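**Student:** Got chain A; can you put chain B on it based on the hints?
Chains as they are written, first to last, in numbering that gives the first Met the number 0: chain A, 0 to 463; chain B, 0 to 59.
The set of hints was computed from the structure by calculation and includes no laboratory data.
A portion of the hints provided could be inaccurate.
What the hints assert, rightly or not - Under the rule of at most 20 Å between Cα atoms (straight-line distance), these lysine to aspartate or glutamate pairs were calculated in the DMTMM-like manner:
| no. | chain 1 | residue 1 | chain 2 | residue 2 |
| --- | --- | --- | --- | --- |
| 1 | A | K35 | A | D2 |
| 2 | A | K94 | B | E20 |
| 3 | A | K94 | A | D333 |
| 4 | A | K257 | A | D438 |
| 5 | B | K16 | A | D2 |
| 6 | A | K457 | A | E424 |
| 7 | B | K38 | A | E366 |
| 8 | A | K257 | A | E424 |
| 9 | A | K257 | A | E286 |
| 10 | A | K35 | A | E109 |
| 11 | A | K94 | A | E329 |
| 12 | B | K38 | A | E306 |
| 13 | B | K40 | A | E306 |
| 14 | A | K458 | A | E10 |
| 15 | B | K38 | B | D1 |
| 16 | A | K457 | A | D2 |
| 17 | B | K40 | A | E362 |
| 18 | B | K40 | A | E366 |
| 19 | B | K38 | A | D375 |
| 20 | A | K257 | A | E362 |
| 21 | A | K458 | A | D2 |
| 22 | A | K458 | A | E424 |
| 23 | B | K38 | A | E450 |
| 24 | B | K16 | A | E329 |
| 25 | B | K16 | B | E6 |
Said to hold, decoys possible - Negatives, chain B to chain A, calculated, CB over 10 Å:
| no. | residue |
| --- | --- |
| 26 | D1 |
| 27 | E2 |
| 28 | D15 |
| 29 | P42 |
| 30 | G56 |
Keep in mind that this is a model prediction, so the values were computed, not measured.
Each residue gets a CB set at the ideal place from its N, CA and C atoms; glycine is no exception.
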Amino acid sequence: MTDLHWLTVTEAADKIARQEVTATALTQALLDRASKLDPRLNAYITLDGQAAMDAAEDADREAAVGRRRGPLHGVPVGIKDIIDVAGLATTGHSKILQGNIATADAVCVEKLRAAGAIVLGKLSTHEFAIGGPSFDLPWPPARNPWNTDHHPGGSSSGSGSGVAAGLFPMALGTDTGGSVRNPASACGIVGLKPTYGLVSRRGVFPLSFTLDHVGPMTRTVTDNALMLGVLAGHDPLDPGSAPSLPGHYAAALDRGVKGLRVGFVRHFHETDMPAAPEVDAALTHVERTLQMEGAEVRTIRLPTLTEFGAVNRVILQSEAWSIHGPWLRERPGDYGQLARRRLMPGAFFGAGDYVKAQRRRREMIAEVEAALREVDVLMCASSMDPPCRIDRPADVERTYPRQARTPFNVTGHPAIAMLAGLSVEGLPLSVQFVGRYFDEATVFQVARAWERAAGTDKKHPPIV
Amino acid sequence: MDEEAMELLARRAGLDKALAEYRDDVRAAAMQAADVAAKIKAPASPAAEPWPPMRAGRGL
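If we strip away everything but chain A, and leave its shape as in the complex, we get (with noise of 0.2 Å):
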């Protein structure tokens, strides 16, 4: 049998329902593989063992009469720490919110508890979820289960490195420039960036308005297409929250590819940012692997990874200013020195270029829409890089901007990233799947088909 801690949310769901596993025995293994392995991840800020093993003794008495809250019942999650949970502090991973309780739980967690998650505890994330990772906070930045020497990208650090060594089979993380897919990579596992408005984001502490997306994290793609079908939803009290239902996600996953058309977005990786050999090798590696499953792909061009990353800085730092201005202005030294030299910009932009970053957010948009005319997918690289070591900060800084997530946070389409192959010193590489606006279950497709031919949801780091 697999062991607790490796099995994904459908499977514990299914063995839950049908009282081969408990849900105490669940979370219980859960607790106990954090105590082993978190003081070496630092995936957690506040883990809440005993309300975990509460909830899981109430989701095993009612699994026991036949009551089952919803398609997550009794499976435990991980919730990055910029997410309100009832009764636990949401500290963003900064001194700034300190002992900040939160007295309700966001949408998002809301939705995760009706369908019978059991929230575990906080996670880490880089500072305001922009600042990281981060030595001078007053937690320490989580590390990468693949070798913790290694970053685990952000800045859903935890999320990512919780979710890749088995202390929860799936998170909850958010994404402004990138922040669910670049942990993703750098783990090797499923997350996804949702279409703009298609999670509520009330109750989540805001980074950049019109570009924070929550997002699910989890270790395979049919649990992340689970995972959204929770999540998704209008929400009236969300000022971005689209007008749509919630689709069926899961409902062409194991279509394959056959005759579909993927745009391989190949400039990204070979002119815009040159990828490593490893990473550009594994992208082709996919490439050919989509052909052989009968996709046809087709090269797309779009404007520039570097365009497109002006336009993401000019409006997060602007929005992130007009949120943090009077911290920041009262209290800088609360501030870790990454956070404060990535929040401060925004005080330099004049209202012009914040005007003119969403005037160009609207062609790019309509670019990208022409393109997803032409093919049903997109398809590009996610890191340009394996993941760096954490204790380099030159390498952190060279590195974490060469990457080509933010397109999608500026055109709002929904994109996927994960895992692609293993570099030689068996860190994750990674790709990245794009789709139409609220069209989730054809990126899950392909996401599929590649994780199946490619056997990428068998493989988990070596941490023990």
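**Tutor:** Then chain B, alone, in the frame of chain A:
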């Protein structure tokens, strides 16, 4: 951006305390802002509107 302009803008934004205690960080932020803003092309048409579109009565 020269030092004088940086200081002027930082003070205008109320960053006096940060200037006194973390001047290098303020300078780095100012340089980053100038660099990144210069990388955005001008929109193709003067009539190009910003995102998100204005939609009266929505999201309130």
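**Student:** Look at each hint and say if it fits the structure.
**Tutor:** Each hint tested on the structure:
no.: 1; hint: A:K35 x A:D2; verdict: 15 Å, holds
no.: 2; hint: A:K94 x B:E20; verdict: 17 Å, holds
no.: 3; hint: A:K94 x A:D333; verdict: 6 Å, holds
no.: 4; hint: A:K257 x A:D438; verdict: 18 Å, holds
no.: 5; hint: B:K16 x A:D2; verdict: 54 Å, violated
no.: 6; hint: A:K457 x A:E424; verdict: 18 Å, holds
no.: 7; hint: B:K38 x A:E366; verdict: 18 Å, holds
no.: 8; hint: A:K257 x A:E424; verdict: 34 Å, violated
no.: 9; hint: A:K257 x A:E286; verdict: 13 Å, holds
no.: 10; hint: A:K35 x A:E109; verdict: 29 Å, violated
no.: 11; hint: A:K94 x A:E329; verdict: 14 Å, holds
no.: 12; hint: B:K38 x A:E306; verdict: 6 Å, holds
no.: 13; hint: B:K40 x A:E306; verdict: 8 Å, holds
no.: 14; hint: A:K458 x A:E10; verdict: 16 Å, holds
no.: 15; hint: B:K38 x B:D1; verdict: 19 Å, holds
no.: 16; hint: A:K457 x A:D2; verdict: 13 Å, holds
no.: 17; hint: B:K40 x A:E362; verdict: 11 Å, holds
no.: 18; hint: B:K40 x A:E366; verdict: 14 Å, holds
no.: 19; hint: B:K38 x A:D375; verdict: 30 Å, violated
no.: 20; hint: A:K257 x A:E362; verdict: 32 Å, violated
no.: 21; hint: A:K458 x A:D2; verdict: 14 Å, holds
no.: 22; hint: A:K458 x A:E424; verdict: 15 Å, holds
no.: 23; hint: B:K38 x A:E450; verdict: 37 Å, violated
no.: 24; hint: B:K16 x A:E329; verdict: 7 Å, holds
no.: 25; hint: B:K16 x B:E6; verdict: 12 Å, holds
no.: 26; hint: D1; verdict: 13 Å, holds
no.: 27; hint: E2; verdict: 13 Å, holds
no.: 28; hint: D15; verdict: 8 Å, violated
no.: 29; hint: P42; verdict: 4 Å, violated
no.: 30; hint: G56; verdict: 12 Å, holds
Checked against the numbered hints above, the structure breaks hints 5, 8, 10, 19, 20, 23, 28 and 29 and satisfies the rest.
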